[in-house]
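Trainee: First to last, the sequence lines map onto chains L and F.
Each residue of the first sequence is one higher than the one before, starting from 1 at the first, in UniProt numbering.
Each residue of the second sequence is one higher than the one before, starting from 1 at the first, in UniProt numbering.
Since the hints were made in silico from the structure, they are not lab data.
If you're wondering where the values come from, they're calculated on a predicted model, not measured in any experiment.
Among these hints, one or two may not hold up.
What the hints assert, rightly or not - Short, incomplete list of chain F residues facing chain L, as computed with Cβ under 7 Å:
| no. | residue |
| --- | --- |
| 1 | Val69 |
| 2 | Ala76 |
| 3 | Glu119 |
| 4 | Ser123 |
| 5 | Phe188 |
What the hints assert, rightly or not - Here are some of the chain F residues that sit facing chain L, going by a computed Cβ distance under 8 Å:
| no. | residue |
| --- | --- |
| 6 | Gly23 |
| 7 | Gly42 |
| 8 | Ala46 |
| 9 | Ala51 |
| 10 | Ser120 |
| 11 | Glu121 |
| 12 | Gly131 |
| 13 | Lys133 |
| 14 | Ser136 |
Note that beta-carbon positions come from the ideal geometry of N, C-alpha and C, so glycine has one too.
Number of protein chains: 2
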Amino acid sequence: MKLFHSPTSPFVRKVMVTAHELGLAERIERLPSAVHPVTRDGQVLAAHPLAQVPTLILDGGEAIADSRVICEYLDALAGGQLFPAPGAARWAALNLQSTADAVLDAALLIRYELTARAESERSQAWMDGQGAKIASALDWFETQVGALGGVDVGTIALACALGYLDLRFADLGWREGRPNLAAWLADFSERASMRATA
Amino acid sequence: MKLFHSPTSPFVRKVMVTAHELGLAERIERLPSAVHPVTRDGQVLAAHPLAQVPTLILDGGEAIADSRVICEYLDALAGGQLFPAPGAARWAALNLQSTADAVLDAALLIRYELTARAESERSQAWMDGQGAKIASALDWFETQVGALGGVDVGTIALACALGYLDLRFADLGWREGRPNLAAWLADFSERASMRATA
Chain L
1 MKLFHSPTSP FVRKVMVTAH ELGLAERIER LPSAVHPVTR DGQVLAAHPL
51 AQVPTLILDG GEAIADSRVI CEYLDALAGG QLFPAPGAAR WAALNLQSTA
101 DAVLDAALLI RYELTARAES ERSQAWMDGQ GAKIASALDW FETQVGALGG
151 VDVGTIALAC ALGYLDLRFA DLGWREGRPN LAAWLADFSE RASMRATA
Chain F
1 MKLFHSPTSP FVRKVMVTAH ELGLAERIER LPSAVHPVTR DGQVLAAHPL
51 AQVPTLILDG GEAIADSRVI CEYLDALAGG QLFPAPGAAR WAALNLQSTA
101 DAVLDAALLI RYELTARAES ERSQAWMDGQ GAKIASALDW FETQVGALGG
151 VDVGTIALAC ALGYLDLRFA DLGWREGRPN LAAWLADFSE RASMRATA
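For reference, chain L alone in the conformation it holds in the complex:
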């Protein structure tokens, strides 16, 4: 398999943490990319119409985009349990994943606001709206720490979202007032899959 990747993409990290947890990382050849919301990457576009990372090219040549789809594909390929079977555990893991992914989407929108347009075109109200979404999700994660499962696609997504905030939004100080979440990430970050993708 081949994966269009970017070293700082949090969604690529989700895929690679998943691959490491499943013992599949060595089977994935990483291809460089220069994806961007305004200036697209023609090589990635030739493989998949969304021209985004992560995009996985299967051994048969089909391309699939979107970290959720790729992670579930890898889990099935490895016969893994990162996606629980249908039932309460699955909906909890998928809801955690979608909430963590939404934090990343909001964080990326703020980052694009600051880097992909002229200063005069920035909207503080827009960035504040995205920031409010991040804050309420973080507050909710703090209440959920005791109920989190072990390693599944939800907790992987959560760890990658928090790791991205540390990478790009260190000034946010998300740990303040959220000691349980901070301790949870410190523990989860010790995993070999997280260390290999830091």
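Position chain F against the provided structure of chain L, taking the given hints into account.
Mentor: For chain F alone, coordinates are given in the frame of chain L:
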């Protein structure tokens, strides 16, 4: 079950088309909302930290957000087949869904650019980048029409994405040069689930 909805949200429509296909629509009580990326809706926020639609409140009180998670939950609840079992059909359906959802995300970003910020804060380059993503996805859909399955979460997502372009971006004229996709949507739109949610 209760669903925070908005009558023009394409992701809500995805959920409701799914519910109609599964015979579950009558079991879903719809709750009004006023979600917005800048001014949030406190009632939806009290149920789920993302404060977005669709958000489904299960009979046990748990809330799940994100149309992908909600659609899969409903499919499992009804013992449906809208999410094929793991295998090539599933990855094709999920990849189609993620591509159609990405068209909606791009279309919504253009719409927010035009409605949720001052005219001086708009970026034509940003909107052009989103528009290019929509165009390449539409071109790819046109090539895939012959390979599409019947009714699954992928084709439902595709129909809702195209329906939203008709609602908000009629000037785009997406049917031009894409006769197969246009004919496919005309046929799919005859379904009772699509008519009930138009």
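Trainee: Now, for every hint given, state plainly whether the structure supports it.
Mentor: Now the hints, each set against the structure:
Hint status for F:Val69 relative to chain L: holds, with the closest Cβ pair at about 4 Å, below 7 Å. Among the interface hints, the one on F:Ala76 holds; its C-beta lies about 4 Å from the nearest C-beta in chain L, closer than the 7 Å criterion. At about 10 Å, the closest approach between the beta carbon of F:Glu119 and any beta carbon in chain L exceeds 7 Å, and the interface hint on this residue is violated. Satisfaction of the interface hint for F:Ser123 is found here, the shortest Cβ-Cβ separation to chain L being roughly 4 Å, below the 7 Å cut-off.
Evaluation of the F:Phe188 hint against chain L yields a violated restraint, the C-beta minimum of about 20 Å exceeding 7 Å. Among the interface hints, the one on F:Gly23 is violated; its C-beta lies about 18 Å from the nearest C-beta in chain L, farther than the 8 Å criterion. Proximity of F:Gly42 to chain L is violated relative to the hint, the smallest CB-CB distance being about 11 Å (cut-off 8 Å). Here the hint on F:Ala46 is broken, as its CB sits about 10 Å from the closest CB of chain L, past 8 Å.
Using the Cβ-Cβ criterion of 8 Å, the hint placing F:Ala51 at the interface with chain L is satisfied: the shortest such distance is roughly 7 Å. With its C-beta approaching chain L no nearer than about 7 Å, F:Ser120 sits inside the 8 Å limit, and its interface hint holds. With its C-beta approaching chain L no nearer than about 4 Å, F:Glu121 sits inside the 8 Å limit, and its interface hint holds. The restraint placing F:Gly131 at the interface with chain L is violated, with a minimum CB-CB distance near 11 Å, outside the 8 Å limit.
The interface hint given for F:Lys133 is met, as the beta carbon of that residue sits about 6 Å from the closest beta carbon of chain L, less than 8 Å. Evaluation of the F:Ser136 hint against chain L yields a held restraint, the C-beta minimum of about 4 Å falling below 8 Å.
In summary, the numbered hints that this structure violates are 3, 5, 6, 7, 8 and 12.
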